[in-house]
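Student: This is what each chain is made of:
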Amino acid sequence: MKNLKKLINDIVLRNTDNLFNTDFLLTWEKSMADVEQVLDIAEALKSLRSHNIDTSVFKSGLAISQFRDNSTRTRFSFTSAANLLGLALQDLDEGKSQISHGETVRETVNMISFLSDIIGIRDDMYLGAGNAYMREVGDALDDGFEQGVLPQRPGIINLQCDIDHPTQAMADLAHLKQYFGSLENLKGKKLAMTWAYSPSYGKPLSVPQGIIGLLTRFGMEVELAHPEGYGLIPEVIETAARQAKETGGSFKVVNSMDEAFKNADIVYPKSWAPYEVMGQRTELLRNNDHAGLKVLEQKALKNNAKFMDWEADANKMKLTKNGEALYMHCLPADISGVSCEKGEVSADVFEKYRIETYKEAGYKPYLIAAMMLSNRYEDPGKVLSELLKKGTKRKM
Amino acid sequence: MKNLKKLINDIVLRNTDNLFNTDFLLTWEKSMADVEQVLDIAEALKSLRSHNIDTSVFKSGLAISQFRDNSTRTRFSFTSAANLLGLALQDLDEGKSQISHGETVRETVNMISFLSDIIGIRDDMYLGAGNAYMREVGDALDDGFEQGVLPQRPGIINLQCDIDHPTQAMADLAHLKQYFGSLENLKGKKLAMTWAYSPSYGKPLSVPQGIIGLLTRFGMEVELAHPEGYGLIPEVIETAARQAKETGGSFKVVNSMDEAFKNADIVYPKSWAPYEVMGQRTELLRNNDHAGLKVLEQKALKNNAKFMDWEADANKMKLTKNGEALYMHCLPADISGVSCEKGEVSADVFEKYRIETYKEAGYKPYLIAAMMLSNRYEDPGKVLSELLKKGTKRKM
Amino acid sequence: MKNLKKLINDIVLRNTDNLFNTDFLLTWEKSMADVEQVLDIAEALKSLRSHNIDTSVFKSGLAISQFRDNSTRTRFSFTSAANLLGLALQDLDEGKSQISHGETVRETVNMISFLSDIIGIRDDMYLGAGNAYMREVGDALDDGFEQGVLPQRPGIINLQCDIDHPTQAMADLAHLKQYFGSLENLKGKKLAMTWAYSPSYGKPLSVPQGIIGLLTRFGMEVELAHPEGYGLIPEVIETAARQAKETGGSFKVVNSMDEAFKNADIVYPKSWAPYEVMGQRTELLRNNDHAGLKVLEQKALKNNAKFMDWEADANKMKLTKNGEALYMHCLPADISGVSCEKGEVSADVFEKYRIETYKEAGYKPYLIAAMMLSNRYEDPGKVLSELLKKGTKRKM
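Read top to bottom, the protein sequences are chains A, B and C. Under the numbering used here, the first residue of the first sequence is numbered 1, with each subsequent residue one higher. Under the numbering used here, the first residue of the second sequence is numbered 1001, with each subsequent residue one higher. Under the numbering used here, the first residue of the third sequence is numbered 2001, with each subsequent residue one higher.
For the record, the hints were derived by calculation from the structure and aren't laboratory data. There's no promise every hint is true.
[Unchecked claim] Covered by chain B, according to a simulated footprint, are these stretches of chain A (three or more residues, beta-carbon under 8 angstroms):
| id | segment |
| --- | --- |
| 1 | 54-60 |
| 2 | 73-83 |
| 3 | 105-118 |
| 4 | 315-325 |
Where is the CB? At the ideal position from N, CA and C, for every residue including glycine.
Chain A on its own, in the form it takes in the complex (with noise of 0.2 angstroms):
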């Protein structure tokens, strides 16, 4: 009680730059304050949870989610952390909706808005559409609450572009301070996040990008691996690259796994499409160019073939920092002989960590409550503070 009353003492005494009323769409563009306070709000939530008290700040409203594609964490995330806060889930789902009878997004978005404190979007299949599809949303929302339709402008939180999955690195990063003991202890430490082989294709750009726009701001010697064909967007890269510079870290882009693992004391193997086959997929998507689809994955994949090598397994494991750095993956991770015949983590290591993975994923519920928590009130930390003085008990 005593960390947590000291703890909502500094979220009452930070100053922020861009939380309350501003979106959530990049990790780089809110400040190493802002990103402090969603830290700190995170774990002041989850230590008000486990003393069982009551979260509910709103009384009603609707947090609204819109996937335009799969997911069963990040939903399950976004439905904990609206339901901590008092606010019911309303999904946008474009199947069931008149989306397709030819509104347009101005539209709808005011339509769903109306009674709406937050709105979380993924969008991460088209590279250049989904994090410009949530703008055009934002811009929507902002002309709608301008003009007097909207009583407020609900919040957008990405729950994963084509450019970053913000909810993702905090979480990557929570879990890395947990870890670590602070997120001092991270300067120096050496992360890899490096391409890894999978036996699909067309996964997104958004994980590796969203781990070296964030981890690069914290000291950390970042490498990205990747076999050469696999490059991330370049505006990423140096941005990336900028910040390790900031922050007195480094980051460093190399075609080798093993030169990452090397003396690592984090690695991240993770697969993803190359930047040029994303692009190129999106074009034919758009075509509807199937044939032409079929044509790319088997090239992609055949591709992929040539770096079946790029695995975690135990032998690469052994180059990281006294063989034993640390493990992460956003989950579910390609394990070779469990998931898929060869995948990106051997099933030895994979169990090694899977605990730790599990711990990682558990952040995000939290990490989401804070964004929204800290998007739609000025003072959060008066807010956490009046919650534990009232100590209502959240289960009877």
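Please build the complex by placing chains B and C on the supplied structure of chain A, with the hints as guidance.
Tutor: Frame of chain A, contents of chains B and C only:
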């Protein structure tokens, strides 16, 4: 706040007829006091929310929705209304349920209602069937309640049927009241409810019927315009004519959009299928006659195409009172050059009134909530008064 | 109110064995005190609600449902139960999720449970698999909780598996208790759980198994009747026989509906697939052998057709005690001339008992809520007592 207190006082003092424990199926089954009461309750709820006052009058309870046709805006309005009052939503999705497995309506209705307070139904596809279905549901609920199966008799709200679209018509009325300052000010105003061209066929008749069935009760000059052969249900036409006469207004059917627009204060151009086509369509759908349906669609679209000049464009708007009539639409509109090549309204006219149509739609969640509240509470004024007195914050 | 206070006092004083923090998977894994406790809690919750007393014991929290087979009534019962206690529902829809993407059960179960209190599962399609799946989920939850992944270990409620349908059997028991006045009055009563003809095949065995697995514990004369070859799972038969012996009742298997109906106080005619057919079906489904499934279906339906006289009609009902046995069914029933040409029950017999079957179903939401409450609270009597004392209104 002073206005709100006066409004709530009006609600307390008003004697209503068919609201408490009575389904909301057709506006013309409600007295004028009922209509005014629902409008006022909606306004009070909107005002309470804008003052951040909690309106959860239920600590638990379900609002069930059954959408037998697609919906975005009404679905979100219904969810928002339920949430505003503290009810949780449960959708009855016939795809997921065992209804198709030979359950009778009577049985299903009881099975879903043990702890339900409200059932909202959209069933607008079949002429002669949608409203009848709602009454069948109502009879089953009456029976279940009388026989002791149900501890309460849930109220039904018509979310659009083959005859009326009361939540839309009431939202439209609320918009007109706000736009013209009062219901009294509607007296003598000319409203043109007119058919408009659309490149689709089979749109329900419920919106135009809902409009003439409600707005002929305020002493307005209501003109219904449509091409020959695009008539509405005869009984609704009779009701409209009778009501206009009783309230010192007028009701006229013409076959020219221009004539209807002439000197109009309000225009409501909206496509619908001819009554006869809807009847044939219902028959063909019942017989699963897909070939017959295709022939009918082709015939209907071909016939529609004769009336492509029934479009609300700038020239037609010039015919209206000072060229400044209020344009209304239930949305989504078929906008020429935007959502279709040629449609109900030109892009410039729609854009001019776009924000007004969004505001029009914004009344719907509160009107549905008002229908719920007046159905469940014998003295809704007292309830609202207590909410105001308590003044619990919706958002902490 | 006096009765309610006495009822709650009984709950406070009763010592139970396997309720708190223990999954509800099979009724015969629970002690008689457990069974009586759940019945009494359900009755207390029903009474509190009928007195308009709020029973939300959670301020936030999720109840997760996973329906691997269609459901209307159980889905609504589960939602109602969750809502009654203040939990929000989140459905785990395998179509919408990434489960098909190679996630293991172990992982998914942890991912959805970070802030969940209850998980309800229906998995009744595969003989030998449904109950096993629930235990696999339970093991994953145990592991996640022990390893510190989950802050609490959610409780599992069996919403129908291949072996038992405990929420149905308990609702049936509650109905019998009310109908005959007490559990003691069931002693010596004859219950005929009999197979009945249906024009479908592949119906689960869980209802008859649930009935003989629970109702042999009250000193009743239980007679299971089915055509030769329509046997149930042998272990359940053994359990039923043992329990009947222990409680001074009897258990008998016969091959004649008439014999079972003779002098019966209660009849439960319900179709199911033969144990052997369900086993073969499971095998064929696993192998995706569609041709084999068609052959099996034809064979099974042809065999069913030999027993079309296994219909509960007026003549058969005359064989029962004074011709007035209570007819029971889990619904929906195959009613001859109503939901099918020839089915489990004649239209006149069903109509006579229709309202009783609806009341039978009406206990289910409260029984599920009682299972939730007793799983989450070590002292449910104290909780109910506090709710009564507080007396917060459910409906303002």
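Student: The structure should be examined with respect to each hint, and the outcome stated for every one.
Tutor: Cross-check of the supplied hints:
Coverage of the segment 54-60 of chain A by chain B holds in this model, with 4 residues showing a Cβ closer than 8 angstroms to a Cβ of that chain against a need of three. Only residues whose beta carbon comes within less than 8 angstroms of a beta carbon in chain B count, and the segment 73-83 of chain A has 0; fewer than three means the coverage is violated. Under the rule that three or more residues need a Cβ within less than 8 angstroms of chain B, the assignment of the segment 105-118 of chain A holds, with 9 such residues. For the segment 315-325 of chain A, the stated coverage by chain B is violated: 0 residues have a C-beta nearer than 8 angstroms to a C-beta of that chain, whereas at least 3 were required.
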